[in-house]
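Peer 1: All chains should be built: construct the whole structure from the sequences, respecting the hints.
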Amino acid sequence: MPNYKQNKPSDKDRPRRLSMKVNCEYCQARCRIDESKIPATGGFVRCPSCHKVFFLSPEDARIQEQDQTPEATLLPEKNEIEPQAEKPPVSEVMADKPAVQLKPKPATKSTTIRLQKLITSRPLAISIAVTVLIEIMLLILWGTGHQPVIQSKSSSLSIPVISIQIKNQVVQEITSHSLVGDAAINQQGNELSLALLVDQSTPPAYALKLGRQFVENVKRLTGTGKTDKNLTDYPSYQFHLFIYYPNGKEVTNQLSNTGDIRDN
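Per the working numbering, residue 414 is the first one in the sequence shown, and the count goes up by one each step.
Some hints here could point you the wrong way.
Said to hold, decoys possible - Estimated spans, in silico, between C-beta atoms of each pair:
{"hint": "1", "residue 1": "PHE467", "residue 2": "GLN651", "range": "52 to 62 Å"}
{"hint": "2", "residue 1": "VAL574", "residue 2": "LYS434", "range": "55 to 65 Å"}
{"hint": "3", "residue 1": "GLN441", "residue 2": "SER614", "range": "31 to 41 Å"}
{"hint": "4", "residue 1": "GLY602", "residue 2": "ARG633", "range": "16 to 26 Å"}
FYI, nobody ran anything at the bench for these hints, they're computed from the structure.
Computed from a prediction, not measured in an experiment: that's the story for all the values here.
The beta-carbon is built from N, C-alpha and C at its ideal position, and this holds for glycine as well.
Peer 2: This is the structure we're talking about:
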């Protein structure tokens, strides 16, 4: 009697499946996935570690090895997948080993250096670049009535240099306000130039109020704001205040004709 039983193909006869190694965009876990599961136009895959879905293009990961080990199938629950309109299907991935999660770099204020340059040139040249596409150059003259000048008590004592610690503390205090983007302080002898960058939605009158608060903070930490008539051993500074919007427009110039910007 003929034997109709067919022989099963051996493991050597089975075609090798090409696997690609990918990293999860969210948890950076190392995963591998069968290349045949990814459509030519790319597809969405689910990370087996954090179970989040991210898009994978065949061009984003090159084939690194031939893997003959069978893949375990990880089927996600339907309610875990957010509906995506006109997007390729989600494929399953396998975790190779979790990668060390990197802490995101803290965001830095890109306008700090710009504001420092804004008040350090001689004569006082104001240069501000608050967006990638806009670079505005402003020339500020040390003229009477042109800039807001806030005078403190005169003193015959030598003027001490304000420490970096005090400058940083004053800047930190004023930038904690939600409408203040950045601030800078520059000292030239007994003259202090204070620059303030406020949000575009800030009313001019309120922007000036923030500027005055900036000046008062400097006075408080340097001892200039003391009111005791018997105290004469505290420094005396002349303050020059500059307030700007992100588009480069100067608030203090806009208010210079109101007569409210001087604190004599």
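Peer 1: Now, for every hint given, state plainly whether the structure supports it.
Peer 2: Outcome of the hint check:
Taking 52 to 62 Å as the suggested C-beta distance range, the pair PHE467 and GLN651 conforms, at roughly 58 Å. In this structure, VAL574 and LYS434 meet the distance hint of 55 to 65 Å, their C-beta atoms being roughly 57 Å apart. In this structure the hint that GLN441 and SER614 lie 31 to 41 Å apart at CB holds, the actual value being about 38 Å. Between GLY602 and ARG633 the beta carbons are some 21 Å apart, a value that agrees with the proposed interval 16 to 26 Å.
The structure shown violates none of the earlier numbered hints.
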